[in-house]
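Here the protein sequences line up with chains Z and S, keeping their order.
The opening residue of the first sequence carries number 1 in this note's numbering; numbering runs sequentially from there.
The opening residue of the second sequence carries number 1 in this note's numbering; numbering runs sequentially from there.
Please keep in mind that the hints were generated in silico from the structure rather than gathered at the bench.
Don't be surprised by glycine CBs; every beta carbon is placed ideally from N, CA and C.
If you want the footprint, here are the derived chain S segments under chain Z, 3+ residues with CB under 8 Å:
hint, stretch
1, 100 to 114
2, 117 to 128
Just a few of them, taken from the derived set where beta-carbon distance is under 8 Å, the chain Z residues facing chain S:
hint, residue
3, 14
4, 16
5, 28
6, 32
7, 36
8, 39
9, 40
10, 43
11, 45
12, 126
13, 128
14, 129
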Amino acid sequence: MESTEAIEGNQREGDILLVLRHAPHGSSWLREGLDIALVGAAFDRKVSLLFMGEGVLALLSGQTSGALGQKGTHPTLQMLEMYDVDALYAESAAMSRFAVAEADLLLTPERVGETAIADLLKHHDLVLTF
Amino acid sequence: MRYAILLMGAPYSTQASHSALRFARAVVARGHRLECVFFYHDGVHNAARLAAPPQDEPHLVDGWIALHTEHGVSLQVCIAAALRRGLMDQREASRHGKAGYSVEAPFELVGLGQLVDLGLDCDRLVTFGP
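From just these sequences and the hints, can you work out the full model?
Have a look at this one:
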């Protein structure tokens with residue numbers, strides 16, 4: 001498989017796309033998915049994140065650790081930039097469905113529709129879904 | 001072709017582990033190379049050495065071990081996902097001051113970087129989850 005995106009700086013070949021489809025707090029899916037983003041970036045891979053379905057709720061600002069005492073995912077999301085993970089995408093339909101406005105978000109993902117999502121899946125060497 | 005499996009479902013709770021094991025058998029039966037089964041999320045419970053299912057049910061843990069013994073498939077368990085779920089080998093147990101241990105060879109506790117490398121090195125990484 002070939003990537004159409006240029007490999008930046010000293011990053012190694014092998015682009016990773018993480019598809020995040022679970023809301024924070026209710027399960028560990030989101031957190032354990034984001035852990036891979038950090039590890040991938042630490043290993044100098046180019047990592048992109050696609051927030052789909054309930055996953056878009058992870059981007060809402062103003063969240064804390066929550067009643068269950070688990071660590072929230074916000075600190076991890078805020079760390080992404082430091083790790084050069086800045087390719088963020090959010091499913092446009094999901095944002096509409098959950099009435100999530102861009103002004104409500106902690107980060108600034110690119111809104112993507114079905115065609116763009118298909119392109120993302122096609123143009124990454126490794127796609128992992130959480 | 002060189003395959004790897006990512007298993008994220010707990011044994012006996014959902015179909016994921018049973019399907020993954022059957023898929024693993026099918027891969028090697030077709031003459032492909034199965035490099036590794038990587039256990040992540042609730043899939044780490046597949047590495048529990050104390051699993052004692054009723055005798056008239058498939059023994060998943062023994063199934064993975066047989067796959068390793070017969071075909072040299074490595075069985076890698078994410079250490080962070082395992083530790084927080086009470087799964088650890090003798091070394092980690094003594095490091096954490098625990099009286100017993102729950103994971104033993106041929107299962108190995110490894111970092112998530114292994115999953116990233118595996119996903120990019122193998123021709124196919126097939127995920128099984130709930």
